[in-house]
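Enquirer: Given next are the chains, with one letter for each unit.
2 protein chains.
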Amino acid sequence: MANGKKIAVVGATGAVGQTTLKLLKQRNFPVRDLRAFASARSAGKKVKFGDDEVTVEPLGADSFKGIELALFSAGSEQSREFAPLAVKSGALVIDKSNAFRMDPAVPLVVPEINGAAARSHRGIVACPNCTTIVTVMPLKPLHDAGKLRRVIATSFQAVSGAGVNGVAALREESLMWARGEKITARHFQHQIAFNLIPHIDKFTEGGYTGEEIKLVNEIRKILELPDLAISPTTVRVPVFTAHSISVNAETERKVSVAAARAAFDRFAGLRVVDDPMHNRYPMPLDAEGQDDCLVGRIREDLSCPNAINFWVSGDQLRKGAALNGIQIAELLN
Amino acid sequence: MANGKKIAVVGATGAVGQTTLKLLKQRNFPVRDLRAFASARSAGKKVKFGDDEVTVEPLGADSFKGIELALFSAGSEQSREFAPLAVKSGALVIDKSNAFRMDPAVPLVVPEINGAAARSHRGIVACPNCTTIVTVMPLKPLHDAGKLRRVIATSFQAVSGAGVNGVAALREESLMWARGEKITARHFQHQIAFNLIPHIDKFTEGGYTGEEIKLVNEIRKILELPDLAISPTTVRVPVFTAHSISVNAETERKVSVAAARAAFDRFAGLRVVDDPMHNRYPMPLDAEGQDDCLVGRIREDLSCPNAINFWVSGDQLRKGAALNGIQIAELLN
Numbered sequence: 049m050a051n052g053k054k055i056a057v058v059g060a061t062g063a064v065g066q067t068t069l070k071l072l073k074q075r076n077f078p079v080r081d082l083r084a085f086a087s088a089r090s091a092g093k094k095v096k097f098g099d100d101e102v103t104v105e106p107l108g109a110d111s112f113k114g115i116e117l118a119l120f121s122a123g124s125e126q127s128r129e130f131a132p133l134a135v136k137s138g139a140l141v142i143d144k145s146n147a148f149r150m151d152p153a154v155p156l157v158v159p160e161i162n163g164a165a166a167r168s169h170r171g172i173v174a175c176p177n178c179t180t181i182v183t184v185m186p187l188k189p190l191h192d193a194g195k196l197r198r199v200i201a202t203s204f205q206a207v208s209g210a211g212v213n214g215v216a217a218l219r220e221e222s223l224m225w226a227r228g229e230k231i232t233a234r235h236f237q238h239q240i241a242f243n244l245i246p247h248i249d250k251f252t253e254g255g256y257t258g259e260e261i262k263l264v265n266e267i268r269k270i271l272e273l274p275d276l277a278i279s280p281t282t283v284r285v286p287v288f289t290a291h292s293i294s295v296n297a298e299t300e301r302k303v304s305v306a307a308a309r310a311a312f313d314r315f316a317g318l319r320v321v322d323d324p325m326h327n328r329y330p331m332p333l334d335a336e337g338q339d340d341c342l343v344g345r346i347r348e349d350l351s352c353p354n355a356i357n358f359w360v361s362g363d364q365l366r367k368g369a370a371l372n373g374i375q376i377a378e379l380l381n
Numbered sequence: 049m050a051n052g053k054k055i056a057v058v059g060a061t062g063a064v065g066q067t068t069l070k071l072l073k074q075r076n077f078p079v080r081d082l083r084a085f086a087s088a089r090s091a092g093k094k095v096k097f098g099d100d101e102v103t104v105e106p107l108g109a110d111s112f113k114g115i116e117l118a119l120f121s122a123g124s125e126q127s128r129e130f131a132p133l134a135v136k137s138g139a140l141v142i143d144k145s146n147a148f149r150m151d152p153a154v155p156l157v158v159p160e161i162n163g164a165a166a167r168s169h170r171g172i173v174a175c176p177n178c179t180t181i182v183t184v185m186p187l188k189p190l191h192d193a194g195k196l197r198r199v200i201a202t203s204f205q206a207v208s209g210a211g212v213n214g215v216a217a218l219r220e221e222s223l224m225w226a227r228g229e230k231i232t233a234r235h236f237q238h239q240i241a242f243n244l245i246p247h248i249d250k251f252t253e254g255g256y257t258g259e260e261i262k263l264v265n266e267i268r269k270i271l272e273l274p275d276l277a278i279s280p281t282t283v284r285v286p287v288f289t290a291h292s293i294s295v296n297a298e299t300e301r302k303v304s305v306a307a308a309r310a311a312f313d314r315f316a317g318l319r320v321v322d323d324p325m326h327n328r329y330p331m332p333l334d335a336e337g338q339d340d341c342l343v344g345r346i347r348e349d350l351s352c353p354n355a356i357n358f359w360v361s362g363d364q365l366r367k368g369a370a371l372n373g374i375q376i377a378e379l380l381n
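Protein sequence lines, in the order shown, are assigned to chains H and P.
Heads up: the first sequence begins at 49 in this note's numbering, then just goes up one per residue.
Heads up: the second sequence begins at 49 in this note's numbering, then just goes up one per residue.
Bound conformation, chain H alone:
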């Protein structure tokens, strides 16, 4: 496209990078020139971009010359080092790492929720953590309906959240099992096949993991509710691609199940799947490959007058990462 942008995808060989390349094509994002970057280890590899093959280049100080849009999904260290260089070169950086999310000067954006905040960027727009995005999508319309007071969230997180190595671990461990071999844990702290690991990211003071702290801080920033009470538990499960979250949400004003369902239904990016009598509710297998987050099991919390329970599943690589990043780029295009 003659009028398209010169784009860099940083972390192009990773799980999110691969999905980014696929979605740029699927969404007909105007691309004039596409360059793919990754670690020196991956340099020289080829990645697919539609029918084309693009040779992966190693990141360097001069990588961003002429680049107008840089989509980073290479990890926090790489973002900290190279995103400022990309900005200096004149690029808009959309960063999917944890590097800048809580920087007060950097907007943290889910377009359906706080798209306007993206416009205040000074070169970098941060994309929230995958679990945050899938959790906050239904929280926003519920907050608008009744003002959130307290959120208790328990996540069931897919291995793709740990990147291609996470996916390979579940795959290889499951194949070892199928061959009747003793399973040796790959990548994760413990075996993930047929197991659950209540440990994502590093443990911090107070017994919470980094993943849990991110969920709290990022939801507060996105919703502009710095004191919102949130109690998080995050768990890795043997599922490949979509994250699911069991949410208990209390509001200042009562929101009936019918009103919550209507609010979810109207909200762009959410799809209500809630017909239990016909065995219809969100499941990670159904959320995989979908742009929308699926929300269901919407029911009154019988233990608290102003609370509801619900269950949401969203593709961790799409809305949880690559799609959200491209949506930010579309918004600012």
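Quick caveat, the hints were computed from the structure, so don't treat them as lab data.
Incorrect hints may appear among the rest.
One copy or two, it doesn't matter: identical chains are merged, so the pair holds either way.
Straight-line C-alpha distance at most 25 Å; calculated SDA-like pairs for lysine to any residue [stated by the list, open to error]:
#  : residue 1 : residue 2
1  : K54       : D249
2  : K195      : Q237
3  : K195      : N354
4  : K250      : A306
5  : K96       : T252
6  : K195      : E160
7  : K250      : P324
8  : K250      : D334
9  : K302      : E160
10 : K53       : K70
11 : K302      : L350
Assemble chain P onto chain H, guided by the hints.
Expert: Chain P alone, transformed into the frame defined by chain H:
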């Protein structure tokens, strides 16, 4: 054993029945004579009891003649029909089905919690649902420490909870995947391999499942707290044998993390596994084959002054079913 009891295991070919036979031996339960019953379909099969083989008999009106102890794990219908006949024959019935749990005349017993209640039986003692047992084990010492006010529980339930067919479904579906075949769902409403199904037992009014309602009613009965506020979510996960539950528990009086840990630690049947800095926390793979329920990830809930979060894993077939039943029998022996 000359002084042992004449015992009937009803549902002997099922997952819980098989574990019951194994544990009767392992625990040296005094057995003089053991008879194995199952549906007509399974009659004539052999089951192992230590080094012996026992021929499975079909259930009939005269099955319980001379039986002193009948351990039922054959499903609610069978229990409703045959448990009263067993009682009439003079047997003590320990029933693992849902048939009598909420009957005010039948004690619902977890020996470590309300063993004394078992003594008031009129022939039948009910064993709680597996998820209830694993959840209520840490709730009891916490209640004793600070008086429970509200419990929010999200379960991650193994396929063994659905019996041998549930186990076969995860196994067969995972093997189809390993062979590169299209997976056709077995037994569960949907594919369970690499998926999550937020649907256990039938849906009821209000959008809760039978499994969720059981969790509420049974915890209230066991703890003798008929009004305890409990908010349940139950989810089937691709794990073979142990259930895990993420629990948020609020108490009237503040219970510090240290006090909760000490209370859990002292409680028979619980083992604290909570050393996150060394990657030690409860996981279903570690709980499998253990008599104790494992509790960890104990941390203050930053969203509520008097609440803590924790995570518990317990072998669904042992403490969740067969072991709890045998413990009741030992108590009354």
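Enquirer: None of the hints should be skipped; say for each whether it holds.
Expert: Okay, the hints, checked on the actual structure:
In this homomeric assembly, K54 and D249 never come within 25 Å of each other (Cα to Cα): the closest approach is 34 Å inside a single copy and 54 Å across copies. Within a single copy, K195 and Q237 get their C-alpha atoms no closer than 39 Å, and across copies no closer than 36 Å, so neither meets the 25 Å cut-off. Proximity of K195 to N354 under the C-alpha cut-off of 25 Å is found in both arrangements, the shortest distances being 11 Å within a copy and 23 Å between copies. When the C-alpha separation of K250 and A306 is checked against a cutoff of 25 Å, the pair qualifies only between copies, where the shortest distance is 21 Å, while the shortest distance within a copy is 39 Å.
For the homomeric pair K96 and T252, neither the shortest alpha-carbon distance inside one copy (39 Å) nor that between copies (49 Å) is at most 25 Å. For a Cα distance limit of 25 Å, the shortest separation of K195 from E160 inside one copy, 18 Å, qualifies, whereas the shortest one across copies, 42 Å, does not. In this assembly of identical chains, K250 and P324 lie within 25 Å of each other by CA distance solely across copies; the values are 9 Å between and 37 Å within a copy. Within a single copy, K250 and D334 get their C-alpha atoms only as close as 30 Å, which misses the 25 Å cut-off; across copies the closest is 21 Å, which meets it.
In this homomeric assembly, K302 and E160 come within 25 Å of each other (Cα to Cα) only inside a single copy, at 24 Å, whereas the closest approach across copies is 39 Å. Taking the shortest alpha-carbon separations for K53 and K70, only the intra-copy value of 16 Å comes in at or below 25 Å, while the best inter-copy value is 68 Å. Within a single copy, K302 and L350 get their C-alpha atoms as close as 13 Å, and across copies as close as 23 Å, so both meet the 25 Å cut-off.
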